[in-house]
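We have chain B already, so just place chain H with the ligands on it with the hints.
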Amino acid sequence: MHTLADAPTDGRTWSDLDDFQAFIDAGGMVEPGDDMPDEFRSEVFRFIEFHANSELMGGLTERDWIPHAPGLRLKQIFLAKTQDEIGHAHLLYMVAADMGVKTRTEMLEQLFDGRSRFHNVFHYKAVTWADQVAIAFLVDAAAFASQRAVFAECTYGPYKRVLKRIVAEEGFHMRHGEEMLLRLATGTDTQRVMFQDALTRWWWPAVHLFGPDSPSGDTDPLIRWKIKSQRNEVLRQAYVQKYVPLLHGYGFDIPDNELHQDADGLWQAGSIDWEPLKATMRNGGPDSARRIATAAGNWADTAWVREALEQ
Amino acid sequence: MNRYEVFLKKLGRDEFRHAGSLDAADPEMAVMYARETHNRRAEGSEMWLVDRRHVLVADPESMAVNDQKPHRHNDGSRVAARRKENRNSEA
Ligand SMILES: [Fe+2]
Ligand SMILES: [Fe+2]
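Top line first, the protein sequences correspond to chains B and H. The letter at position 18 of the first sequence is residue 18 when you use the numbering used here, and the numbering goes up by one with no holes. To convert a position in the second sequence, counted from 1, into the numbering used here, add 1000.
In case anyone wonders, no lab produced these hints; they're calculated from the structure. Yeah, the Cβ is synthetic: ideal placement off N, Cα and C, and Gly gets one too. Heads up, a few of these hints could be off.
Quick list of simulated restraints, FRET-style, between CB atoms [as the list claims (entries may be wrong)]:
1) H/Ser-1062 with B/Asp-220: 37 to 47 Å
2) H/Arg-1078 with B/Arg-46: 15 to 25 Å
3) H/Ser-1045 with B/Gln-191: 20 to 30 Å
4) H/Met-1029 with B/Pro-67: 18 to 28 Å
Capping the alpha-carbon separation at 27 Å, the derived lysine-lysine pairs in DSSO-like fashion look like this [to be verified]:
5) B/Lys-75 with B/Lys-160
6) H/Lys-1084 with B/Lys-160
7) B/Lys-242 with B/Lys-164
8) B/Lys-164 with H/Lys-1009
9) H/Lys-1069 with B/Lys-160
10) B/Lys-102 with B/Lys-278
11) B/Lys-160 with B/Lys-242
12) B/Lys-226 with B/Lys-164
13) B/Lys-160 with B/Lys-102
14) B/Lys-278 with B/Lys-242
15) B/Lys-160 with B/Lys-226
16) B/Lys-164 with H/Lys-1069
Chain B with its partners taken away, still in its complex shape:
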């Protein structure tokens, strides 16, 4: 017997990666106390850390727009959304820290030093209020789709359990996004132009969020271990099918000259330039430096709070 705070010594063990794979294939779930293979621990940790960083950086952007949100209802919505996103970061950093690879402080310091990665969409500048609407409508929806596909299987128990809440809250953000979009779409010409401009800025980043095609066969360990349930290109394609008609229905243009319907009536995006995505993964996106510096500044400015709490 031990307490939950002690490093567990009684978890399950596997003789090798094949043995572990057989456990996963039979529907097994991995728990923190298990003696999981090092490869699984480090890959899954990296994935959750990336997710946590993205929630935190996303939450900070939402916060920036609370004062600019038009009207009390939208200010309240943006407050709640900011809290939700920061909450997602809290949940995920806790799950990641419990994997014993890095502490939460190490993860945060590396993020603010520009040594970590986070989602591409948080490397771009939100120019007007309509960008926040495009982010809620397009980016929260893309995040929802990719997180739901992780939740669907997700063989790491603590991650699956927090994803349940995260996905549910992402659903609220998506619906807020559609409500705000409807307001702009049925508003004045200025409002429609504002949204069209924002859509032109955010369409490709949202499509990029799903990532390039997954490596062929079962060479992606996250798919093999059933952390991801879907290949990137499958999720991306489903997203395009859903959002092209929706945006056309509101009378907006999608900034893709090669976008077309194939013989089966499926929407096919034009060839995708992945260079902008790669730049964001090096923290070299259009707004990366400013965003990281702002987040690092917040962290430094609040050091006294953390110190006071430690007293």
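Relative to chain B, chain H with the ligands alone:
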């Protein structure tokens, strides 16, 4: 910082369920963080927080022994079989 385990329950329904873990500097902060992270839309009406150091974890092997005690169950199949046998012998 202490690490707490959070449990939630709806009044009059089900049992307390583990909702997650969090780090907090003191009990008062822990309760506030738990409310704002795990009970954002009143998912529970009662909440327990337990310092992780006070949660005892039983060894899985000590739990597994009770999986081999069929005499603690009764699915009624023996009675059904005996009844069927009696009916057949009467006929
Ligand atoms: Fe989120
Ligand atoms: Fe969101």
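Right, here's what the structure says about each hint:
1. H/Ser-1062 with B/Asp-220: 37 to 47 Å: holds, 39 Å
2. H/Arg-1078 with B/Arg-46: 15 to 25 Å: Violated, at about 55 Å.
3. H/Ser-1045 with B/Gln-191: 20 to 30 Å: With a Cβ separation near 42 Å, H/Ser-1045 and B/Gln-191 fall outside 20 to 30 Å, so the hint is violated.
4. H/Met-1029 with B/Pro-67: 18 to 28 Å: Check passed, 27 Å falls within 18 to 28 Å.
5. B/Lys-75 with B/Lys-160: violated, 31 Å
6. H/Lys-1084 with B/Lys-160: violated, 48 Å
7. B/Lys-242 with B/Lys-164: holds, 23 Å
8. B/Lys-164 with H/Lys-1009: holds, 17 Å
9. H/Lys-1069 with B/Lys-160: violated, 32 Å
10. B/Lys-102 with B/Lys-278: holds, 25 Å
11. B/Lys-160 with B/Lys-242: Roughly 25 Å separates the two Cα atoms, so the pair holds.
12. B/Lys-226 with B/Lys-164: Given that 27 Å is the threshold and the Cα spacing comes to 16 Å, the pair holds.
13. B/Lys-160 with B/Lys-102: Within the cut-off at roughly 20 Å; holds.
14. B/Lys-278 with B/Lys-242: holds, 25 Å
15. B/Lys-160 with B/Lys-226: Distance ~11 Å between B/Lys-160 and B/Lys-226 Cα, so the pair holds.
16. B/Lys-164 with H/Lys-1069: violated, 35 Å
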